[in-house]
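Model the placement of chain P on the given structure of chain A, informed by the hints.
Order-wise, the sequence lines are chains A and P. The working numbering applies: residue 1 is where the first sequence begins, and numbers increase by one. The working numbering applies: residue 1 is where the second sequence begins, and numbers increase by one.
Just so you know, the hints here were simulated from the structure itself, not pulled from any lab data. Note that the structure is predicted; figures quoted are calculated from it, not measured. Please note that the accuracy of each hint is not assured.
[Said to hold, decoys possible] Mimicking DSSO-like on lysine-lysine, the simulated pairs with C-alpha atoms at most 30 Å apart in a straight line are:
no., chain 1, residue 1, chain 2, residue 2
1, A, K95, P, K11
2, A, K70, P, K11
3, A, K56, A, K67
4, P, K70, A, K2
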Amino acid sequence: QKEVEQDPGPLSVPEGAIVSLNCTYSNSAFQYFMWYRQYSRKGPELLMYTYSSGNKEDGRFTAQVDKSSKYISLFIRDSQPSDSATYLCAQGAQKLVFGQGTRLTINP
Amino acid sequence: DAGITQSPRHKVTETGTPVTLRCHQTENHRYMYWYRQDPGHGLRLIHYSYGVKDTDKGEVSDGYSVSRSKTEDFLLTLESATSSQTSVYFCAISEKDYEQYFGPGTRLTVT
Numbered sequence: 001q002k003e004v005e006q007d008p009g010p011l012s013v014p015e016g017a018i019v020s021l022n023c024t025y026s027n028s029a030f031q032y033f034m035w036y037r038q039y040s041r042k043g044p045e046l047l048m049y050t051y052s053s054g055n056k057e058d059g060r061f062t063a064q065v066d067k068s069s070k071y072i073s074l075f076i077r078d079s080q081p082s083d084s085a086t087y088l089c090a091q092g093a094q095k096l097v098f099g100q101g102t103r104l105t106i107n108p
Numbered sequence: 001d002a003g004i005t006q007s008p009r010h011k012v013t014e015t016g017t018p019v020t021l022r023c024h025q026t027e028n029h030r031y032m033y034w035y036r037q038d039p040g041h042g043l044r045l046i047h048y049s050y051g052v053k054d055t056d057k058g059e060v061s062d063g064y065s066v067s068r069s070k071t072e073d074f075l076l077t078l079e080s081a082t083s084s085q086t087s088v089y090f091c092a093i094s095e096k097d098y099e100q101y102f103g104p105g106t107r108l109t110v111t
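Chain A on its own, in the form it takes in the complex (with noise of 0.2 Å):
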């Protein structure tokens, strides 16, 4: 078993959708839980983080951590065409695990 699972998809929704995207862990002793997201032939780039538990918002995007049931996800609302990406989880410190990641499309 990985140590973080991540439903690959793809997954196609209309633009002003709202996105949920999610990961499922399996090690508790690692407190940071991190989303990438990375768009065809680029390098991830650090979407948001969260530590420990809870929920996180910056703008349209909230992430959200639930360590009872060790899953985390990541919230996108008024979908743009622009946010058409690869999106991964990944948890750990210096030494990061990643989900395989989620091809998201957003039809205009």
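Coordinates of chain P only, in the frame set by chain A:
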């Protein structure tokens, strides 16, 4: 790409040849990392460095070596390239635990 360059950006090489990929940063960050990205596997850590001449293995280090003689440069060497090492290689840097910044990637094909 946060002051990170990777060279070469594309390389095709033959099985059995040595290959060196270079990562260069202008941010003076302490930590540097090499990852590979493959379909179905996501990003996997190969090696990382926590200072000049200080390196450690990651999840998929077999067949790879690294060196860091200066803060700004982190080299990844494939001693004898194999087809299974065909991948996209990303360098990353960080100063804090949770903030890693990635370079543009190197596409390596081993024929």
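Hints versus structure:
no. : hint          : result
1   : A:K95 / P:K11 : holds, 27 Å
2   : A:K70 / P:K11 : violated, 40 Å
3   : A:K56 / A:K67 : holds, 14 Å
4   : P:K70 / A:K2  : violated, 34 Å
Checked against the numbered hints given earlier, the structure breaks hints 2 and 4 and satisfies all the rest.
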